[in-house]
Amino acid sequence: MAVTSIGARVARKEDHRFITGKGQYVDDINRPGQAHAVFVRSPHAAATIKRIDISAARKMPGVVGVLTGEDLAADKIGGLICGWMIHSKDGSPMKAGAHPALAQGKVRYVGDHVAVVIAETLLQAKDAAEAVVVDYAVEKPVVDVASALAKGAPAVHAEAPDNRVFSWHLGDKAATDAAFARAKHVTSLDIVNNRLIPNAMEPRAAVGDYDSGNDAFTLYTTSQNPHVARLVLSAFIGVAPEHKLRVIAPDVGGGFGSKIFIYAEETVCVWAAKKVGRPVKWTSDRTEAFLSDAHGRDHVTKAELAMDENGRILALRASTKANLGAYLSTFASSVPTYLYAPLLSGQYDIPAIYAEVDGVYTHTAPVDAYRGAGRPEATFVVERLVEVAARQLGQDPAKFRARNYIRNFPHQTPVIMAYDAGDYHASLKKALELADYKGFARRKRESARRGKLRGIGFSSYIEACGIAPSAAVGSLGAGVGLWESAEVRVNPIGTVEVLTGSHSHGQGHETTFAQLVSDRLGIPIENVSIVHGDTDKVQMGMGTYGSRSGAVGMSAIAKALDKVIAKGRKVAAHVLEAAEGDIEFKDGKFTVAGTDRSAGFGDIALQAYIAHKFNGQELEPGLKEGAFYDPTNFTFPAGVHICELEVDPQTGDVRIEKWTAVDDFGVIINPLIVEGQVHGGIAQGVGQALHEGAVYDPVTGQLVTASYMDYRMPRAEDLPSFVVDTTVTPCPSNPLGIKGCGEAGAIAAPAAVVNALTDAVGHEDVPMPATPQALWRACQKAPRLMAAE
Amino acid sequence: MTTVSLTVNGQSVTKDIDPRTLLVQLLREHLRLTGTHVGCDTSQCGACVVHVNGVSVKSCTMLAAQCEGAFVTTIEGIAEGGRLHPMQEAFREHHGLQCGYCTPGMIMSAIDIVNRKGTALDEATVRHELEGNICRCTGYHNIVKAVIAGAEAMGGGMRQAAE
Amino acid sequence: MYAFEFHRPTSLRQAANLLAKAEDGRVLAGGQSLLPMMKLRLASPGTVIDLGGVPGMTGIERKGRSLVIGAMTRHAEVENSPVVKEAIPALAHLVSVLGDPAVRNRGTIGGSLANNDPSADYPAACLALGATIVTNRRRIAADEFFQGVFTTALEEGEIIVKVSFPVPSRAGYEKFRHPASRFALAGVFVAKRGGEVRVAVTGAGDSGVFRWEAAETALQGRFVPKSLDGLKPSTDGMNSDIHADAAYRAHLVAVMARRAVEKALRR
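Chains as they are written, first to last, in the numbering used here: chain F, 76 to 864; chain G, 55 to 217; chain S, 308 to 574.
Check each hint, because a few of them may be wrong.
What follows is a set of in silico ranges between Cβ atoms, one per label pair, in the way DEER data are often shown [as the list claims (entries may be wrong)]:
1) Glu134(G) to Gly137(F): 38 to 44 Å
2) Glu83(G) to Arg517(F): 55 to 61 Å
3) Glu312(S) to Met160(F): 47 to 53 Å
4) Asp543(S) to Arg517(F): 43 to 49 Å
5) Lys171(G) to Gly366(S): 56 to 62 Å
6) Gly549(F) to Asp70(G): 56 to 62 Å
7) Glu312(S) to Lys134(F): 21 to 27 Å
8) Glu312(S) to Val779(F): 34 to 40 Å
9) Lys69(G) to Arg320(S): 27 to 33 Å
10) Gly210(G) to Glu572(F): 38 to 44 Å
11) Gly549(F) to Ala178(G): 37 to 43 Å
12) Lys171(G) to Asn566(F): 46 to 52 Å
13) Asn566(F) to Glu312(S): 56 to 62 Å
14) Glu134(G) to Arg520(F): 52 to 58 Å
These aren't lab readings, by the way, just hints derived from the structure by calculation. Cβ coordinates follow ideal geometry from the N, Cα and C atoms, glycine included.
Working from the sequences, and respecting the hints, build out all of it.
Structure, rendered in C-alpha cells:
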C-alpha cells in the first residue's frame, strides 16, 4: 500500500461510519439505568423569581428528581465562567455578573434555566416539567444595545449598572484623528452586523454518569474541546475534581463555535447524576437550541475611512457596540475585542487605526464565538468601507483595493498584528479572471433586458487563525494557553495511533492528520488511526476552533513525529550497527548513509519494543513520543471572494449567479477537504447576508425566530456551485506552512454579497439579512448619483 | 399501549409502544438503529428521512403506529452484502458530508430522488429536490455533485457506456 | 406530545363513529400538520383516529368535466398524476411546490383542506377552481368551506371524503415562498372557466384564503396580465409579520397574480 502524501486529494477515512449510519453522536449513547432531564426555562426575558413550587412535579409518574438553583447553591457548585478578561480604557476590569447554571433569584433571557426535572422517560420528564410552578415578577427587558445603553435602562446585572461590561479600545486615537483631519475624502457608514444562531445540525446533548464505586464522573458531551470542558467543570465550576472527571466528545455533528462553550446543561447533567444516583441524559430539541445555544455577531458600528487626494487610505476609525447577551459565555468578551479590532487593517496598508468597543449586557441569549468570531464583523466593516469609498471616488473597486493592498511582508499593522506572508495582488488577479470581471458589464445589460438588476461585489478578507502564542494571548487577557498537544504511539508492528487534543466535528482530521503521518513516516494511511475527544485517552488538548487544528494541532503532531523519527534513528543505529549520525530516514526506511544497509519503519518499531539489540540503560525501549506546540504567531489566511447576483426588483428575490473564491491558506494537506470547508463557510456567510437573523421582540424579549419556521437556513436551492481556487504563500511561522481554512468563507462572504446587492440596487442602504422584503424596499429607493456622473 | 408490526431493513418487528411513539423513536430507541437522526422539531431539516414502503418519509412526522404492516428502510439497510449502495459510495467519493449528522437523511432522500426522477439528474433538479434536507456544513456543493454521481452509478453507468 | 388514544378504523363509518364518540378527537390523515403541532404540544387531542386503514379514500379520477381526488390521496400522487397534469396542470404545479418531497409523500389533500392553514396552497386552488368538498355527510362548496384561519365548515364528526374540481379552461398558480417555512407568503391561483374568472389568494390575508374580486372583474374583461396593471389588494386585512408587512404582501399578491395569469396563458 502506498503512502498518501501531503497535498493528496483523498476521500475521507471517517466517512464509512457516517454513510452507513454507524456514527456515534451523544444522543446515540445510552447508559444503563439512565434517566432523562428536561429543563424548565424562563418564558420571560426579565423577571424576579418569587417562588418555585416543585411539589406537584415531584409526585408525577416516573420522576426521579427535581432540582433548582437552591440545590446547586447548597452543593456549592460555582457559576459558569468567562475565560477572557478584558480591561476597559480606564484600566478597570470588565464588570461580569454571576452566571449560575440554574437561576438564583432572577431570570435574564427567554430560555434561561430555572429548574431541571429528571424522570424515567423523556415524556414523563416533559410532563413533570410542566407541573413545576414558578411565580415570576415580570420586569421590563432590554433586548438591543441602544435600549440597554439608554439613560435609565434597567440593569441586566447589578454589577454593570449601565449595562456596559467594558468600554475597550485599541489603536492610536490621536494619530487616527490627525489623519482624518487632513484627509481629502472621508467615507462613513453605519453598520449593523446581524445576530445569528449557529444551528449545527446536531443539537447539543449531554449524558452525565457517576460511578459511586470509584467516586468518578463521566460526561459525554457535544463539545469541540473536551479538555477545556473538563478544566472549566472541575477547576472553576467545581462539579468534580479533574482527575475524577472524564469528558468524552464522540462524533459531534457540527459546532461552528457553539460547542466550544461550557453550558448550564452539561454542568447540571454531571452534578445531577450523582445527586439522583442515575446517569442523566439531556438532548436539546431545536427550539431549545434556538433559545439557549450561544448566538453570534450582533454588532452596531459607526465606521469611517479617511483617504488622501489619490485615494490612498490614511486611517480607519470604528466605534462598535457589541451585544453580549444576558451572561458572559465562555469566550464572549474576546470576540468583539481581540478577535475583531486587530483585523480592522484588512489586507490594506493603513497607517492609523482606532477602534473602541463597548460590550453590552441585554436580556437575550449569551453571544459568543460563531464561525469567524469577530473576524467576519471586522471584514464586513473594512470591505464595506473600501467598496463604498471606491464608489464615492468613482474608482473601480478592484483597482481601489489593489492600490491600497499591503505589498511587503512582514507587515506590522497599527492594531497588534504582524502579517507574516501573503500576496494579495495574486489572489485578486486570479479571482478577477475566474469571475470574468471584464464581461460583467455585458451580463448586467443582459439582465436588465430581462428586468433584473445584476450586481457584483468583492470581499478581500483577512483572518487571523491559530490564535497564539500563549504568552501573547495571556498578556491580552486569555485565561488559557493556546497551544496544542499530540502523542504519536507507534505499535510494535509499525502501525500508528495519534492522540490529538484537536477535536473533529466535520473537519476531517482523521484523514488529514493521517495524511501527515503517512507522508512523514512513509507508511500507508490505512495504518494510521487518529484518536481524539476523550480526556482519558488524550493527555491534554485545547480543542478545535478558530481554524487552529491544521496550523496548531498538526504542528504538534509534526513535532511529535520528528521525535519519533529521532528515536527511530537511535534504534536503527543499534540495529544497523552504525553511528546515529550516519542514519538517514527517507521513504519509510532507515538507511546507513552511503550504504545499502537499511531497515523499514516497521522493523525498527519492532526492534524498539523487543529491545534485544540495545541496552535499556542507554536507550529506553518503546517508540512513543509526545509534543506540545505553541505557535510563534497567528497565521493570516487571506483571499478574494467575488459574488455576482441578480435581484428581481418586483419581489426582492435574489439569485446568486456565480461565486468565485481564491484563497491563500498556505500549504494544503487535502484539497478535497479544504474546498469543502470553503463551500460550507460561504454558505454560512451567504446565510448571514441574505437569510439569517435572530429577531427578539423589542417589547417582550421573546425570540421570534425560534424555529426553522421563522429562521431561514440556507438550502440547496439558495446557492450555486462555487468556483474555488487557491494561491499559495506558505506560512513561515509553523513547520507545515499551514494557515487554516475553516472560517474563510464565513468571513469573506457577507461583504461580497452586500457589495453585490448595493451594486445591483444602486445605493448603499441594504440591511443584513437582505430578505426579500428588505430588498424590495431597497429597490423602491432611487439609485445614488455616482461621483463620476 | 398499542402494538405495531412492521418490517425494518428486511426484519420483522413487533413492538408494544406508547401511541405517542414516533417512527424515529421506534427506530432509534426501541431498535437502536441510531443512524436516523433528529435535527428539528418542525419537519424541515430532513435528518430523519427513511423510506416507508419505498418512498421517502420524515420519520419524525409519522407515528410508529401508522406503520402497521409497512416496510421501512433506514440508512443501516441500504448496503447489500457488505457492498455500499452506490449513493453511499458517491457521498464518500465526492466529500458530500462533513459532520455526518444530516448525511443519512440526505442519502435516503437522494435515493428517493433517483427513484422518482431517474438516473440522469441535472444540478437544478437536485437542488430543488433537496428542499427538505438542511445541511449546515457543506454548502451543498459536494452533496449536489454526489447525488448526480450516485444517480448515474445507480443507473449502472449505462449512460456513460452509451456516450 | 401529550398522551392520546389511538385508533385505526377500517371503514369510514367506523371512523366517523369513533370521531363522534371521542371527547376531543382528531382525524389523522397524512399527519404533516397535525403531528408537528402535537409534538410542540400546541395540539393535544385526546383521541387520534388514523384514516390510513380506511379503504376507498384515495385515487384520482376524471369524471366528465370534473377532476375528483380522494381525501387521502398523497400530494406526491397528485403532483405526478398524468390525469391531473392533463386536466388541471396548475394543480399539479401547485402541489410540486408544496412542502418538500418527503412531506408530499405523506401529506394528503383532505388533511390540508381540513386544517385550512392560512398559508397553505391547496385552499387557493379549491377556492379559485370552485371545488366541491365532499364529506361523509354532504357536499360543501369551496366558497362556504373556508371560514377563516384554521377554521372550516366541517362539523363535529364530519370527515372529508373527496374533492371535486371543475376543470377550467385556463389556470395558473404562482407562489412567493415564505423565506423560512416555505409556505406561501403570497400565493395566487387564477382560474378561468367559460366566462367566469376566479382569483384566490393564500398566505397574505389575515383571515386565511380569500377571493380577490377586483382582480376577477378586471380579468373577466380580458384574461391577460395587463388587465391587472395598477391593481393591488388593499393592505387592510393583509397579514403583517417580520417576514412581510401588509404593504409588501399586498404588492406580492399583485405580482403573483400577474405571473399566474402569464402562466395560465402559456399552456
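Outcome of the hint check:
no., hint, in the structure
1, Glu134(G) to Gly137(F): 38 to 44 Å, "holds (41 Å)"
2, Glu83(G) to Arg517(F): 55 to 61 Å, "holds (59 Å)"
3, Glu312(S) to Met160(F): 47 to 53 Å, "violated (58 Å)"
4, Asp543(S) to Arg517(F): 43 to 49 Å, "holds (45 Å)"
5, Lys171(G) to Gly366(S): 56 to 62 Å, "violated (24 Å)"
6, Gly549(F) to Asp70(G): 56 to 62 Å, "holds (59 Å)"
7, Glu312(S) to Lys134(F): 21 to 27 Å, "holds (24 Å)"
8, Glu312(S) to Val779(F): 34 to 40 Å, "holds (35 Å)"
9, Lys69(G) to Arg320(S): 27 to 33 Å, "holds (30 Å)"
10, Gly210(G) to Glu572(F): 38 to 44 Å, "holds (40 Å)"
11, Gly549(F) to Ala178(G): 37 to 43 Å, "violated (52 Å)"
12, Lys171(G) to Asn566(F): 46 to 52 Å, "holds (49 Å)"
13, Asn566(F) to Glu312(S): 56 to 62 Å, "holds (60 Å)"
14, Glu134(G) to Arg520(F): 52 to 58 Å, "holds (54 Å)"
Checked against the numbered hints given earlier, the structure breaks hints 3, 5 and 11 and satisfies all the rest.
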